Structure formats: structure tokens, C-alpha cells
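Enquirer: What follows is the residue order along each chain.
2 protein chains.
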Amino acid sequence: MTKQLIFGHKSPDTDTICSAIVYADLKKQLGYEVEPVRLGELNGETSYALDYFNQEAPRFVETVANETGEVILVDHNERQQSVDDIDEVEVKEVIDHHRIANFETKSPLYYRAEPVGCTATILNKMYKENGVEVSETMAGLMVSSIISDSLLFKSPTCTAEDEKAAEELAAKARIDLNEYGLDMLKAGTDISGKSAEELISLDAKAFDMGEANVRIAQVNTVDTNEVLSRKEELEGAMQKEIDDNGYDLFVLLITDILDSDSTALTVGDKQEAVEKAFDVKLEDNKAVLKDVVSRKKQVVPPLNKVLG
Amino acid sequence: MTKQLIFGHKSPDTDTICSAIVYADLKKQLGYEVEPVRLGELNGETSYALDYFNQEAPRFVETVANETGEVILVDHNERQQSVDDIDEVEVKEVIDHHRIANFETKSPLYYRAEPVGCTATILNKMYKENGVEVSETMAGLMVSSIISDSLLFKSPTCTAEDEKAAEELAAKARIDLNEYGLDMLKAGTDISGKSAEELISLDAKAFDMGEANVRIAQVNTVDTNEVLSRKEELEGAMQKEIDDNGYDLFVLLITDILDSDSTALTVGDKQEAVEKAFDVKLEDNKAVLKDVVSRKKQVVPPLNKVLG
Numbered sequence: 001m002t003k004q005l006i007f008g009h010k011s012p013d014t015d016t017i018c019s020a021i022v023y024a025d026l027k028k029q030l031g032y033e034v035e036p037v038r039l040g041e042l043n044g045e046t047s048y049a050l051d052y053f054n055q056e057a058p059r060f061v062e063t064v065a066n067e068t069g070e071v072i073l074v075d076h077n078e079r080q081q082s083v084d085d086i087d088e089v090e091v092k093e094v095i096d097h098h099r100i101a102n103f104e105t106k107s108p109l110y111y112r113a114e115p116v117g118c119t120a121t122i123l124n125k126m127y128k129e130n131g132v133e134v135s136e137t138m139a140g141l142m143v144s145s146i147i148s149d150s151l152l153f154k155s156p157t158c159t160a161e162d163e164k165a166a167e168e169l170a171a172k173a174r175i176d177l178n179e180y181g182l183d184m185l186k187a188g189t190d191i192s193g194k195s196a197e198e199l200i201s202l203d204a205k206a207f208d209m210g211e212a213n214v215r216i217a218q219v220n221t222v223d224t225n226e227v228l229s230r231k232e233e234l235e236g237a238m239q240k241e242i243d244d245n246g247y248d249l250f251v252l253l254i255t256d257i258l259d260s261d262s263t264a265l266t267v268g269d270k271q272e273a274v275e276k277a278f279d280v281k282l283e284d285n286k287a288v289l290k291d292v293v294s295r296k297k298q299v300v301p302p303l304n305k306v307l308g
Numbered sequence: 001m002t003k004q005l006i007f008g009h010k011s012p013d014t015d016t017i018c019s020a021i022v023y024a025d026l027k028k029q030l031g032y033e034v035e036p037v038r039l040g041e042l043n044g045e046t047s048y049a050l051d052y053f054n055q056e057a058p059r060f061v062e063t064v065a066n067e068t069g070e071v072i073l074v075d076h077n078e079r080q081q082s083v084d085d086i087d088e089v090e091v092k093e094v095i096d097h098h099r100i101a102n103f104e105t106k107s108p109l110y111y112r113a114e115p116v117g118c119t120a121t122i123l124n125k126m127y128k129e130n131g132v133e134v135s136e137t138m139a140g141l142m143v144s145s146i147i148s149d150s151l152l153f154k155s156p157t158c159t160a161e162d163e164k165a166a167e168e169l170a171a172k173a174r175i176d177l178n179e180y181g182l183d184m185l186k187a188g189t190d191i192s193g194k195s196a197e198e199l200i201s202l203d204a205k206a207f208d209m210g211e212a213n214v215r216i217a218q219v220n221t222v223d224t225n226e227v228l229s230r231k232e233e234l235e236g237a238m239q240k241e242i243d244d245n246g247y248d249l250f251v252l253l254i255t256d257i258l259d260s261d262s263t264a265l266t267v268g269d270k271q272e273a274v275e276k277a278f279d280v281k282l283e284d285n286k287a288v289l290k291d292v293v294s295r296k297k298q299v300v301p302p303l304n305k306v307l308g
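Each protein sequence line maps, in turn, to chains A and B.
UniProt numbering puts the first sequence at residues 1 to 308.
UniProt numbering puts the second sequence at residues 1 to 308.
Certain hints may be false.
Same chains, same label: a pair holds when it works inside one copy or across any pair of copies.
[Said to hold, decoys possible] Pairs of lysine-lysine residues, derived as DSS-like cross-links and limited to a Cα-Cα distance of at most 27 Å, are as follows:
(1) Lys106 with Lys281
(2) Lys128 with Lys172
(3) Lys296 with Lys92
(4) Lys128 with Lys164
(5) Lys128 with Lys305
(6) Lys154 with Lys286
If you are wondering where the hints come from, they were derived from the structure by calculation, not from laboratory data.
Please read all numbers here as calculations on a predicted model, not as lab measurements.
My request is simple: use the sequences and hints to build the entire structure.
Expert: Structural data, given as C-alpha cells:
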């Protein structure tokens with residue numbers, strides 16, 4: 001039997017790392033030879049979760065074809081988010097909760113995507129379908145994923161199924177959902193020791209909207225003012241990204257995980273699109289977006305409507 | 001709630017028709033408003049199965065966007081095998097057992113593909129996962145699908161899971177697997193009264209392989225010579241399809257369901273790809289492919305390797 005590598009997307013977040021570990025656990029119990037790996041550095045939030053549950057981080061890899069011909073993708077499917085040499089191996093399985101795009105196989109495979117808030121919610125179901133018990137550690141990693149992807153159930157991407165799974169898993173992992181959840185999310189908000197360049201690229205994606213090329217980065221925080229105290233430095237880094245990559249607009253979402261609002265900091269020619277999209281007035285390049293926490297569901301669509 | 005239409009591929013076979021009906025039954029029992037439809041005429045085998053279990057055929061449709069915005073695909077995902085206006089509706093779910101290609105969505109969806117021999121095998125599992133009882137009729141339709149796609153378990157696409165499901169479903173449907181299976185398969189081999197155009201389009205699929213556009217049709221028979229007695233007529237019809245649609249290669253597989261070999265009849269510019277792919281010499285545009293019964297597992301991959 002070929003050993004299969006299991007991994008999530010580049011710029012890994014908690015769901016991508018934990019789902020790789022968890023699915024490897026399930027597959028091993030079903031008799032397969034698999035190993036979870038990662039495509040990038042752990043963020044502070046994910047490190048907190050792994051430490052809490054005494055779980056080792058997966059091994060870092062830059063390429064996979066040098067060690068196996070078969071891989072399993074979790075939490076992504078789009079080629080540009082995957083390992084660089086993805087085209088040189090066979091994707092045997094995908095477990096995901098995103099749209100399907102830039103993905104193609106030569107042969108039939110196991111593909112399981114569900115429109116839920118988190119990959120771990122699907123994995124929890126798969127343990128049940130296969131009649132395999134979930135250990136305390138695996139429960140802890142899965143509930144961490146759900147808390148992370150849903151910002152403790154506040155994101156509009158979160159479904160009833162995610163919440164139910166999180167409650168069930170929290171009991172198995174013997175944690176208090178709110179207490180552990182807030183501690184874990186806070187661990188991801190430590191910006192000391194991070195350069196402005198790092199802050200605007202840790203979780204950043206580019207989007208084509210009509211003629212405009214828009215970059216949207218997101219930083220979670222429990223203290224928006226702490227982030228804003230570095231406003232000039234951040235604006236400088238954003239302007240440099242614009243100069244280097246020709247973006248028409250750079251939006252940095254500073255998301256307060258406690259009150260679930262975001263502050264948008266904007267640089268670029270198309271700043272007024274933010275004012276139109278959210279019906280706000282930018283002051284000093286910034287505006288508060290009430291109840292906005294999800295880039296995918298709450299920021300991209302209205303901006304796209306104005307620019308697209 | 002929007003009514004969702006459920007359908008399989010064009011040139012429908014037994015699995016495509018029955019899986020649409022069966023998944024509609026499951027979704028309805030789960031409280032959804034759905035209707036199974038079909039994109040083409042029933043073949044003799046499928047008619048036999050529906051008649052045997054007193055099941056009405058799904059309604060025929062040419063387009064779907066005129067009546068709904070949401071659809072569910074079974075037994076296929078590639079755009080060119082689907083309804084002509086597939087790009088105008090949202091695909092909410094896919095239940096399939098093929099490779100993924102030419103498929104892309106804007107939003108997350110439920111996508112369930114497994115590398116088994118038949119869509120119905122997956123559906124049988126989904127009844128269990130949802131705690132819904134399988135009726136005698138639905139069991140009959142599912143076991144018919146498995147018999148059809150596996151050529152009574154002789155195809156290499158058939159897995160242990162398919163066989164187990166078929167045995168379980170045969171008991172529920174109160175049929176003798178071998179007796180019913182052979183009768184059903186034979187019902188699909190009657191070519192009298194069928195034009196050459198019908199024979200090459202009853203079970204035909206188009207594939208993009210590299211730069212080449214390849215059409216592969218399959219006809220089951222208990223008497224290969226009976227089919228080959230109409231060789232010139234068939235070649236004429238294949239050439240016309242090539243002229244009309246720009247295919248680079250048309251392969252007609254004439255599959256003997258008793259001895260499990262196929263004879264390939266080929267027309268088009270890329271005929272030599274067949275010789276390379278199967279290490280055979282075409283004589284008079286035809287060659288015997290020993291032990292080949294599966295288009296998906298035994299014909300598409302080697303052809304794709306040569307052309308792709």
C-alpha cells in the first residue's frame with residue numbers, strides 16, 4: 001500500500017492543520033497508511049490548540065511528489081491553494097467545505113464536500129458513519145477548527161450543524177466552549193513581534209472585481225486600538241503591496257472577535273468603493289463595519305457589486 | 001423553498017435514471033421539494049427495470065433554467081454531459097462515482113463522489129446515514145443500477161461494496177440477482193428496430209483529452225456479429241456525428257455481456273490512438289479488446305494517456 005499524505009491549504013489556519021491530523025487519525029484506524037503534513041507555518045491560534053491538546057504539529061513539506069504518488073486534500077481543492085507539485089500526484093480523496101474550482105482528476109475519487117462552516121464538522125460525521133470512536137484529543141482538535149472557522153459561531157458561514165457538532169465535541173474534549181474558544185482566538189491575536197508586512201499578509205486574498213484588482217487581508221484582534229496604533233506603518237506596507245502588484249484597492253479588515261465588528265483600513269485608488277459598498281464614510285482611511293466578520297460572505301459580495 | 005430538479009447525464013443509462021428517481025425519493029422523505037427528470041430517451045434495459053418495479057419514468061426536459069434556479073446532479077458532473085443550460089442554474093448537490101472535470105461552482109455545495117461502481121451504491125448508504133427505510137421499489141431500482149453498471153459484477157469498476165449492496169437490495173426487492181440481472185441486461189441488447197444513429201447515441205459520452213475531443217459510445221450485446229453485420233451503417237452514422245460535432249475520434253464499444261470482451265469500432269482522425277492505447281492493430285476499423293467492458297476504467301484512462 002502506498003503511503004498517502006494528507007494536507008490542507010497554504011497559509012494554513014486551524015481547520016486546515018487540525019483536519020489533516022484528524023482525518024489521518026480516522027484513516028489509520030480504518031487500516032490505511034497515511035501521514036498528515038502542512039504547507040506552511042502555524043499561526044498563533046493553531047499553536048495554542050495543538051499545545052492545549054498535546055498534539056504534535058504535522059511535518060512541513062514544500063513538495064510531495066518526491067515521497068508519494070497519492071495524496072488526500074482537506075479544507076481546499078483549488079490548485080493554486082495547494083502544494084506546488086499537486087499536478088504530479090494523484091488526488092485520491094478530498095474532504096472540503098468550499099466551492100469547487102480549478103480542480104480536475106483523471107480517475108474517480110472520494111470527494112466529500114458539504115456546505116457547512118468547517119471541514120471538521122464533516123470529519124466528525126465520518127467517524128460516526130464508519131463506527132469509529134472519537135478520542136478526547138481528536139475531539140479537541142475538531143472543536144478548535146469549528147471555533148476558528150466560525151469565530152465562536154458568530155460568522156454567517158456557521159451552520160446549525162457546526163454548532164451542534166461543536167457542542168458534542170466540546171463535551172468529549174472536556175472543555176468549556178466559550179472559555180476555551182475565547183482563549184484560543186485570543187492566542188491568534190498577538191501582534192507583538194509581527195511586522196506590518198506580516199500582519200497584512202498572514203490571511204490575505206486577491207480578487208478580480210470587474211476591472212479592479214482588490215486585495216483583502218484580515219487580522220483578528222481583541223483590541224482594535226492596538227492594531228490601529230500601527231496605522232501609518234500598516235498603510236505604508238499596504239501602499240507598497242499596491243505599488244508592487246498593481247492592486248486598485250487594499251482593504252485590511254481588523255476584526256474584533258469580542259464585539260464581532262470589523263474596522264476597515266483602506267489604501268488605493270478605489271477607496272470610495274468601500275464607502276458605497278457599506279454605506280459608510282471613510283475618515284482618515286478607515287471606517288467601522290458593524291457586524292461584519294466574514295470576508296467571504298460579507299465583504300467580497302458587496303464590494304463586487306460596486307466594482308464588478 | 002425552490003423546487004430542485006434532479007437529473008443524470010445525457011444519453012441516460014439505468015444508473016442515471018434510477019439514481020435520479022431514488023435520490024428524489026430520499027430527498028422528499030427528508031422534507032425537500034424535488035423532482036427527478038431525464039435528459040434523453042430510456043434505453044430498453046432501463047425500461048425493463050422501470051416496468052418490472054412499476055415505476056414511472058421521470059419527465060423529459062431539454063432545459064432547466066426555465067423552471068428552476070437550483071439543480072442536483074447524479075451520476076455525472078462534467079458540463080458537456082449535463083443539461084445544455086447548466087451554466088444558468090446553481091448546482092446545489094452532486095452524487096457521483098466518476099472523475100471530476102469541467103466542473104466549477106461559485107459557492108460551496110454538497111458534493112459526494114465515491115470510487116465505487118455505481119451511484120446507487122452511494123445512495124443506498126445515504127438512506128442508512130439518514131435513517132430512512134428503503135422501499136421495495138427503490139431497492140429494485142438501486143439493484144438494477146448496480147447490475148447495469150457492473151454488468152452483473154463482471155466489470156472492473158465493480159467493488160466489494162457494490163456487490164454487498166446489490167445482495168442486500170436484491171433481498172429487499174425480492175428478486176433473484178442472476179435471473180433478474182440477465183433478463184434485464186438482455187432487454188438492453190435488442191437492436192432490432194433501432195437505427196444506426198440510435199445505436200451510437202444510446203450510451204455515448206464525449207471527453208476532452210488533451211487537444212482531442214473524443215466520443216465513446218457503448219452497446220451491450222449477446223451477439224457481437226449481429227451488431228457488426230451493420231458495420232457500414234454504423235460507421236456512416238459515426239462519421240456524420242464527427243462532421244456535425246467536430247470530434248477527433250469516435251469509438252463504438254460493442255460489449256459482449258456473456259464473455260465480457262469488447263470489439264472497438266473506430267472512425268476519425270485520431271484512430272491510431274486506439275492502436276497505441278490498447279496495443280492492438282485495427283483491421284477494417286475494428287479490433288477486439290480482450291476483457292474490456294468498462295469505458296470508464298479500461299477505455300478512457302489509456303486513451304487519455306495517449307491523447308492527453
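Enquirer: All the hints need checking, so say for each whether the structure fits it.
Expert: Hints and how they fare:
no.: 1; hint: Lys106 with Lys281; in the structure: between (46 Å within a copy, 26 Å between copies)
no.: 2; hint: Lys128 with Lys172; in the structure: both (14 Å within a copy, 25 Å between copies)
no.: 3; hint: Lys296 with Lys92; in the structure: both (25 Å within a copy, 16 Å between copies)
no.: 4; hint: Lys128 with Lys164; in the structure: both (14 Å within a copy, 20 Å between copies)
no.: 5; hint: Lys128 with Lys305; in the structure: neither (38 Å within a copy, 39 Å between copies)
no.: 6; hint: Lys154 with Lys286; in the structure: within (23 Å within a copy, 63 Å between copies)
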